[in-house]
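Per numbering that gives the first Met the number 0, residue 0 is the first one in the sequence shown, and the count goes up by one each step.
Please note that the accuracy of each hint is not assured.
Unchecked claim - Have a look at the derived ranges for each label pair, beta carbon to beta carbon:
#1 S113 to S192: 29 to 35 Å
#2 V46 to A26: 23 to 29 Å
#3 N189 to D81: 53 to 59 Å
#4 I118 to I83: 33 to 39 Å
#5 S113 to D182: 39 to 45 Å
#6 K202 to D114: 33 to 39 Å
#7 S143 to S45: 40 to 46 Å
#8 K128 to Q102: 24 to 30 Å
#9 S192 to E77: 52 to 58 Å
What the hints assert, rightly or not - Lysine-lysine pairs mimicking BS3-like chemistry, simulated, CA-CA at most 25 Å apart:
#10 K214 to K202
#11 K202 to K215
#12 K203 to K214
#13 K215 to K203
These are computed hints drawn from the structure, not numbers from a lab. Ideal Cβ placement from N, Cα and C applies to all residues, glycine included.
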Amino acid sequence: MILQTVILSLAIASPHSLLEDAETAFAAENWSEAALALDSYIQKTSVPSPEAMYDCGIAHYNLGEFEVAAQAFDNAMEASNDTILKSYSAFNLGNAVYNKTMQQLEGTGTESPSDEDLIALEDAQEQIKQVLQSYRSAIASEASDMDARANGELAWQMLQQLDQMQEQMEEEKQKQEQQQQDDQQDQEQNDESADQEEDNQEKKDDGSSDEEQQKKDSEQSEQQQDGEQSEQKQDGEQSEQDQQDSEQSEEQQDGEQSDQEKQQESDEQQSEQTPEDGELESTDEGMNKGKDSPSEVKEEGERLSESEADRLLQLIRDKEQQRRKALAARRAENRTSTGKDW
(Lines of atoms letter the chains of each structure in order from A and count residues from 1; the text may use other names and numbers.)
(Lines give C-alpha, C1' and ligand atoms only; values in the text may rest on other atoms or scores of the structure.)
Protein backbone atom coordinates (compact mmCIF):
# COMPACT_ATOMS: atom_id res chain seq x y z
CA MET A 1 0.00 0.00 0.00
CA ILE A 2 2.91 2.33 0.74
CA LEU A 3 4.41 1.75 -2.71
CA GLN A 4 1.11 2.58 -4.41
CA THR A 5 0.88 5.80 -2.37
CA VAL A 6 4.38 6.82 -3.42
CA ILE A 7 3.64 6.15 -7.09
CA LEU A 8 0.39 8.14 -6.87
CA SER A 9 2.14 11.10 -5.21
CA LEU A 10 4.84 11.05 -7.85
CA ALA A 11 2.21 11.11 -10.58
CA ILE A 12 0.63 14.32 -9.27
CA ALA A 13 3.87 15.96 -8.08
CA SER A 14 5.58 18.73 -9.99
CA PRO A 15 9.03 18.24 -11.54
CA HIS A 16 10.56 20.44 -8.86
CA SER A 17 8.96 18.46 -6.02
CA LEU A 18 10.07 15.24 -7.67
CA LEU A 19 13.67 16.43 -7.59
CA GLU A 20 13.28 17.29 -3.91
CA ASP A 21 11.87 13.83 -3.18
CA ALA A 22 14.76 12.28 -5.08
CA GLU A 23 17.30 14.30 -3.08
CA THR A 24 15.64 13.18 0.18
CA ALA A 25 15.70 9.54 -0.93
CA PHE A 26 19.34 9.90 -1.99
CA ALA A 27 20.33 11.22 1.40
CA ALA A 28 18.62 8.22 3.04
CA GLU A 29 20.05 5.87 0.38
CA ASN A 30 16.49 4.81 -0.37
CA TRP A 31 17.30 3.82 -3.91
CA SER A 32 13.84 2.53 -4.83
CA GLU A 33 12.09 5.83 -4.03
CA ALA A 34 14.92 7.79 -5.59
CA ALA A 35 14.66 5.77 -8.83
CA LEU A 36 10.85 6.23 -8.95
CA ALA A 37 11.08 9.98 -8.37
CA LEU A 38 13.80 10.50 -10.98
CA ASP A 39 12.08 8.29 -13.58
CA SER A 40 8.89 10.37 -13.11
CA TYR A 41 10.84 13.61 -13.38
CA ILE A 42 12.56 12.56 -16.63
CA GLN A 43 9.24 11.45 -18.16
CA LYS A 44 7.48 14.73 -17.25
CA THR A 45 10.32 17.00 -18.35
CA SER A 46 10.92 17.64 -22.01
CA VAL A 47 14.63 18.38 -21.49
CA PRO A 48 15.77 16.79 -18.22
CA SER A 49 19.02 17.95 -16.71
CA PRO A 50 22.15 15.80 -17.20
CA GLU A 51 22.55 15.72 -13.40
CA ALA A 52 19.07 14.18 -12.97
CA MET A 53 19.87 11.56 -15.58
CA TYR A 54 23.18 10.82 -13.86
CA ASP A 55 21.47 10.49 -10.43
CA CYS A 56 18.84 8.21 -12.05
CA GLY A 57 21.66 5.98 -13.25
CA ILE A 58 23.16 5.91 -9.74
CA ALA A 59 19.82 4.84 -8.20
CA HIS A 60 19.24 2.01 -10.67
CA TYR A 61 22.89 0.93 -10.43
CA ASN A 62 22.54 0.45 -6.66
CA LEU A 63 19.35 -1.55 -7.26
CA GLY A 64 21.34 -3.93 -9.52
CA GLU A 65 19.42 -2.76 -12.60
CA PHE A 66 22.59 -2.34 -14.64
CA GLU A 67 21.00 -2.15 -18.07
CA VAL A 68 18.70 0.74 -17.06
CA ALA A 69 21.60 2.41 -15.26
CA ALA A 70 23.86 2.12 -18.31
CA GLN A 71 21.23 3.83 -20.48
CA ALA A 72 20.89 6.68 -17.93
CA PHE A 73 24.66 7.18 -17.75
CA ASP A 74 24.92 7.19 -21.52
CA ASN A 75 22.18 9.86 -21.76
CA ALA A 76 23.94 11.99 -19.12
CA MET A 77 27.29 11.67 -20.88
CA GLU A 78 25.80 12.80 -24.18
CA ALA A 79 23.82 15.72 -22.68
CA SER A 80 26.48 17.15 -20.36
CA ASN A 81 29.03 19.78 -21.23
CA ASP A 82 30.75 19.45 -17.88
CA THR A 83 33.95 17.48 -18.29
CA ILE A 84 33.78 16.12 -14.76
CA LEU A 85 30.17 14.96 -15.09
CA LYS A 86 30.98 13.62 -18.53
CA SER A 87 33.96 11.62 -17.23
CA TYR A 88 31.97 10.24 -14.28
CA SER A 89 29.07 9.35 -16.56
CA ALA A 90 31.43 7.55 -18.94
CA PHE A 91 33.14 5.68 -16.13
CA ASN A 92 29.87 4.57 -14.54
CA LEU A 93 28.59 3.58 -17.98
CA GLY A 94 31.57 1.23 -18.28
CA ASN A 95 30.94 -0.13 -14.78
CA ALA A 96 27.25 -0.73 -15.53
CA VAL A 97 28.01 -2.53 -18.80
CA TYR A 98 30.70 -4.65 -17.14
CA ASN A 99 28.51 -5.63 -14.18
CA LYS A 100 25.58 -6.40 -16.47
CA THR A 101 27.83 -8.75 -18.44
CA MET A 102 29.22 -10.43 -15.33
CA GLN A 103 25.70 -10.82 -13.95
CA GLN A 104 24.60 -12.58 -17.12
CA LEU A 105 27.64 -14.87 -17.06
CA GLU A 106 27.12 -15.80 -13.42
CA GLY A 107 23.40 -16.29 -13.91
CA THR A 108 23.52 -18.61 -16.92
CA GLY A 109 27.10 -19.72 -17.34
CA THR A 110 26.62 -19.82 -21.10
CA GLU A 111 25.95 -16.26 -22.32
CA SER A 112 28.99 -14.37 -23.55
CA PRO A 113 29.39 -10.57 -23.62
CA SER A 114 27.44 -9.20 -26.54
CA ASP A 115 28.92 -7.05 -29.24
CA GLU A 116 26.67 -4.19 -28.12
CA ASP A 117 28.15 -4.31 -24.61
CA LEU A 118 31.69 -4.22 -25.95
CA ILE A 119 30.81 -1.31 -28.22
CA ALA A 120 29.26 0.59 -25.27
CA LEU A 121 32.38 -0.02 -23.21
CA GLU A 122 34.55 1.23 -26.05
CA ASP A 123 32.40 4.36 -26.27
CA ALA A 124 32.92 4.98 -22.54
CA GLN A 125 36.65 4.55 -22.94
CA GLU A 126 36.69 6.98 -25.83
CA GLN A 127 34.70 9.52 -23.80
CA ILE A 128 37.11 9.31 -20.85
CA LYS A 129 40.03 9.70 -23.23
CA GLN A 130 38.48 12.93 -24.45
CA VAL A 131 37.94 14.14 -20.86
CA LEU A 132 41.50 13.21 -20.00
CA GLN A 133 42.74 15.17 -22.99
CA SER A 134 40.76 18.24 -21.83
CA TYR A 135 42.35 18.02 -18.38
CA ARG A 136 45.79 17.81 -19.93
CA SER A 137 45.06 20.88 -22.00
CA ALA A 138 43.95 22.74 -18.84
CA ILE A 139 47.12 21.72 -17.02
CA ALA A 140 49.25 22.78 -19.99
CA SER A 141 47.67 26.25 -19.97
CA GLU A 142 47.69 26.61 -16.18
CA ALA A 143 50.20 24.36 -14.43
CA SER A 144 49.00 25.48 -11.02
CA ASP A 145 45.42 24.27 -11.67
CA MET A 146 45.35 21.53 -9.03
CA ASP A 147 41.72 20.62 -9.75
CA ALA A 148 42.59 19.84 -13.33
CA ARG A 149 45.51 17.71 -12.17
CA ALA A 150 43.33 15.79 -9.66
CA ASN A 151 40.51 15.27 -12.13
CA GLY A 152 42.96 14.26 -14.83
CA GLU A 153 44.54 11.71 -12.51
CA LEU A 154 41.08 10.34 -11.67
CA ALA A 155 40.13 10.15 -15.36
CA TRP A 156 43.34 8.26 -16.12
CA GLN A 157 42.59 5.72 -13.35
CA MET A 158 39.06 5.32 -14.70
CA LEU A 159 40.45 4.67 -18.16
CA GLN A 160 42.79 2.00 -16.80
CA GLN A 161 39.92 0.25 -15.06
CA LEU A 162 37.79 0.36 -18.19
CA ASP A 163 40.68 -1.13 -20.17
CA GLN A 164 40.88 -4.00 -17.68
CA MET A 165 37.11 -4.49 -17.90
CA GLN A 166 37.29 -4.57 -21.68
CA GLU A 167 40.13 -7.10 -21.62
CA GLN A 168 38.27 -9.32 -19.18
CA MET A 169 35.05 -9.10 -21.18
CA GLU A 170 36.86 -10.03 -24.39
CA GLU A 171 38.49 -13.00 -22.63
CA GLU A 172 35.10 -14.10 -21.36
CA LYS A 173 33.68 -13.73 -24.84
CA GLN A 174 36.44 -15.87 -26.35
CA LYS A 175 36.05 -18.39 -23.54
CA GLN A 176 32.32 -18.65 -24.07
CA GLU A 177 32.71 -18.90 -27.84
CA GLN A 178 35.28 -21.67 -27.41
CA GLN A 179 32.96 -23.41 -24.98
CA GLN A 180 30.13 -23.14 -27.48
CA GLN A 181 32.36 -24.59 -30.21
CA ASP A 182 33.38 -27.45 -27.92
CA ASP A 183 29.77 -28.07 -26.99
CA GLN A 184 28.80 -28.01 -30.65
CA GLN A 185 31.58 -30.46 -31.53
CA ASP A 186 30.55 -32.70 -28.65
CA GLN A 187 26.96 -32.52 -29.81
CA GLU A 188 27.98 -33.34 -33.37
CA GLN A 189 30.08 -36.26 -32.14
CA ASN A 190 27.21 -37.45 -30.00
CA ASP A 191 24.88 -37.13 -32.97
CA GLU A 192 27.34 -39.05 -35.15
CA SER A 193 27.71 -41.70 -32.46
CA ALA A 194 23.94 -41.91 -32.14
CA ASP A 195 23.58 -42.14 -35.92
CA GLN A 196 26.32 -44.78 -36.07
CA GLU A 197 24.69 -46.72 -33.27
CA GLU A 198 21.35 -46.44 -35.04
CA ASP A 199 22.93 -47.64 -38.29
CA ASN A 200 24.57 -50.54 -36.46
CA GLN A 201 21.27 -51.39 -34.83
CA GLU A 202 19.52 -51.25 -38.21
CA LYS A 203 22.21 -53.47 -39.72
CA LYS A 204 21.89 -55.80 -36.76
CA ASP A 205 18.13 -55.82 -37.15
CA ASP A 206 18.54 -56.40 -40.89
CA GLY A 207 20.95 -59.24 -40.13
CA SER A 208 18.52 -60.71 -37.66
CA SER A 209 15.78 -60.35 -40.23
CA ASP A 210 17.98 -62.07 -42.83
CA GLU A 211 18.76 -64.86 -40.37
CA GLU A 212 15.10 -65.22 -39.53
CA GLN A 213 14.23 -65.23 -43.23
CA GLN A 214 16.93 -67.82 -43.90
CA LYS A 215 15.63 -69.86 -41.00
CA LYS A 216 12.09 -69.61 -42.35
CA ASP A 217 13.31 -70.53 -45.84
CA SER A 218 15.23 -73.47 -44.39
CA GLU A 219 12.18 -74.61 -42.44
CA GLN A 220 10.02 -74.26 -45.55
CA SER A 221 12.61 -76.19 -47.56
CA GLU A 222 12.69 -78.92 -44.92
CA GLN A 223 8.91 -79.02 -44.85
CA GLN A 224 8.87 -79.20 -48.65
CA GLN A 225 11.45 -81.99 -48.60
CA ASP A 226 9.46 -83.80 -45.93
CA GLY A 227 6.34 -83.37 -48.05
CA GLU A 228 8.13 -84.67 -51.14
CA GLN A 229 9.51 -87.60 -49.16
CA SER A 230 6.04 -88.26 -47.78
CA GLU A 231 4.62 -88.13 -51.31
CA GLN A 232 7.38 -90.41 -52.55
CA LYS A 233 6.69 -92.76 -49.67
CA GLN A 234 2.99 -92.70 -50.42
CA ASP A 235 3.73 -93.20 -54.11
CA GLY A 236 6.02 -96.12 -53.21
CA GLU A 237 3.43 -97.62 -50.93
CA GLN A 238 0.78 -97.10 -53.60
CA SER A 239 3.09 -98.65 -56.18
CA GLU A 240 3.74 -101.61 -53.90
CA GLN A 241 0.01 -101.92 -53.27
CA ASP A 242 -0.69 -101.72 -56.99
CA GLN A 243 2.01 -104.29 -57.62
CA GLN A 244 0.57 -106.55 -54.95
CA ASP A 245 -2.91 -106.08 -56.40
CA SER A 246 -1.54 -106.79 -59.86
CA GLU A 247 0.24 -109.89 -58.64
CA GLN A 248 -2.88 -111.04 -56.83
CA SER A 249 -4.92 -110.36 -59.96
CA GLU A 250 -2.42 -112.27 -62.07
CA GLU A 251 -2.42 -115.12 -59.56
CA GLN A 252 -6.21 -115.09 -59.58
CA GLN A 253 -6.24 -115.04 -63.37
CA ASP A 254 -3.67 -117.83 -63.42
CA GLY A 255 -5.81 -119.76 -60.94
CA GLU A 256 -8.91 -119.24 -63.04
CA GLN A 257 -6.98 -120.16 -66.16
CA SER A 258 -5.65 -123.23 -64.40
CA ASP A 259 -9.17 -124.16 -63.34
CA GLN A 260 -10.34 -123.68 -66.92
CA GLU A 261 -7.47 -125.80 -68.22
CA LYS A 262 -8.23 -128.47 -65.68
CA GLN A 263 -11.90 -128.34 -66.60
CA GLN A 264 -10.96 -128.54 -70.27
CA GLU A 265 -8.71 -131.50 -69.62
CA SER A 266 -11.51 -133.14 -67.64
CA ASP A 267 -13.94 -132.52 -70.50
CA GLU A 268 -11.47 -133.94 -72.99
CA GLN A 269 -10.94 -137.02 -70.85
CA GLN A 270 -14.69 -137.44 -70.49
CA SER A 271 -15.10 -136.99 -74.21
CA GLU A 272 -12.46 -139.60 -74.89
CA GLN A 273 -14.14 -142.02 -72.53
CA THR A 274 -17.58 -141.49 -74.19
CA PRO A 275 -18.06 -143.68 -77.29
CA GLU A 276 -18.71 -142.02 -80.58
CA ASP A 277 -21.98 -142.51 -82.43
CA GLY A 278 -22.14 -146.07 -83.76
CA GLU A 279 -19.73 -147.34 -81.15
CA LEU A 280 -22.23 -147.40 -78.31
CA GLU A 281 -23.41 -150.72 -76.97
CA SER A 282 -26.87 -151.66 -78.27
CA THR A 283 -27.83 -153.51 -75.14
CA ASP A 284 -28.17 -152.53 -71.55
CA GLU A 285 -25.17 -154.63 -70.80
CA GLY A 286 -22.94 -152.23 -72.67
CA MET A 287 -24.30 -149.31 -70.64
CA ASN A 288 -23.97 -151.25 -67.46
CA LYS A 289 -20.47 -152.15 -68.40
CA GLY A 290 -19.66 -148.51 -68.99
CA LYS A 291 -21.20 -147.49 -65.71
CA ASP A 292 -19.28 -150.12 -63.84
CA SER A 293 -15.93 -148.97 -65.26
CA PRO A 294 -13.70 -147.93 -62.36
CA SER A 295 -12.23 -145.01 -64.32
CA GLU A 296 -15.62 -143.38 -64.74
CA VAL A 297 -16.97 -143.92 -61.25
CA LYS A 298 -16.77 -140.90 -58.86
CA GLU A 299 -15.44 -141.53 -55.46
CA GLU A 300 -17.98 -141.64 -52.69
CA GLY A 301 -18.85 -138.23 -51.35
CA GLU A 302 -17.43 -136.39 -54.42
CA ARG A 303 -20.04 -134.24 -56.14
CA LEU A 304 -20.26 -133.52 -59.86
CA SER A 305 -19.93 -129.99 -61.08
CA GLU A 306 -22.87 -128.43 -62.89
CA SER A 307 -21.19 -128.79 -66.27
CA GLU A 308 -20.27 -132.36 -65.55
CA ALA A 309 -23.83 -133.10 -64.48
CA ASP A 310 -25.16 -131.49 -67.67
CA ARG A 311 -22.80 -133.48 -69.84
CA LEU A 312 -23.64 -136.65 -67.98
CA LEU A 313 -27.37 -136.08 -68.46
CA GLN A 314 -26.83 -135.30 -72.12
CA LEU A 315 -24.77 -138.47 -72.45
CA ILE A 316 -27.54 -140.48 -70.84
CA ARG A 317 -30.13 -138.95 -73.13
CA ASP A 318 -27.93 -139.64 -76.18
CA LYS A 319 -27.39 -143.24 -75.17
CA GLU A 320 -31.06 -143.65 -74.44
CA GLN A 321 -31.88 -142.30 -77.87
CA GLN A 322 -29.32 -144.59 -79.50
CA ARG A 323 -30.69 -147.54 -77.57
CA ARG A 324 -34.21 -146.80 -78.74
CA LYS A 325 -33.04 -146.38 -82.32
CA ALA A 326 -31.25 -149.71 -82.13
CA LEU A 327 -34.27 -151.40 -80.58
CA ALA A 328 -36.55 -149.95 -83.22
CA ALA A 329 -34.19 -151.17 -85.94
CA ARG A 330 -34.17 -154.71 -84.60
CA ARG A 331 -37.93 -154.72 -84.34
CA ALA A 332 -38.18 -153.54 -87.90
CA GLU A 333 -35.87 -156.33 -89.06
CA ASN A 334 -37.95 -158.89 -87.20
CA ARG A 335 -41.14 -157.64 -88.75
CA THR A 336 -39.66 -157.74 -92.23
CA SER A 337 -38.38 -161.28 -91.92
CA THR A 338 -41.65 -162.59 -90.61
CA GLY A 339 -43.68 -161.01 -93.37
CA LYS A 340 -41.99 -162.83 -96.27
CA ASP A 341 -43.76 -165.88 -97.76
CA TRP A 342 -40.75 -167.35 -99.36
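Quick rundown of the hints versus the structure:
1. In this structure the hint that S113 and S192 lie 29 to 35 Å apart at CB holds, the actual value being about 33 Å.
2. Evaluation of the 23 to 29 Å hint for V46 and A26 yields a pass: the beta carbon distance comes to about 26 Å.
3. As the Cβ distance of N189 to D81 is approximately 58 Å, the hint placing it in 53 to 59 Å holds.
4. Between I118 and I83 the beta carbons are some 25 Å apart, a value that contradicts the proposed interval 33 to 39 Å.
5. Evaluation of the 39 to 45 Å hint for S113 and D182 yields a failure: the beta carbon distance comes to about 19 Å.
6. One distance hint, 33 to 39 Å for the beta-carbon pair K202 and D114, is violated here, with the actual separation near 47 Å.
7. The beta-carbon spacing between S143 and S45, approximately 42 Å, falls within the hinted interval of 40 to 46 Å.
8. Remark: the range hint 24 to 30 Å for K128 to Q102 is upheld by a beta-carbon distance near 27 Å.
9. Remark: the range hint 52 to 58 Å for S192 to E77 is upheld by a beta-carbon distance near 54 Å.
10. Of the pairs offered as hints, the one joining K214 and K202 holds, with about 18 Å between alpha carbons and a cut-off of 25 Å not exceeded.
11. Restraint check: the Cα-Cα separation between K202 and K215 comes to about 19 Å, which is no more than 25 Å; the hinted pair holds.
12. Note on K203 and K214: the hinted pairing holds, with a Cα-Cα distance of about 16 Å set against a maximum of 25 Å.
13. The hinted pair formed by K215 and K203 meets the criterion: a straight-line CA distance of about 18 Å does not exceed 25 Å.
Checked against the numbered hints given earlier, the structure breaks hints 4, 5 and 6 and satisfies all the rest.
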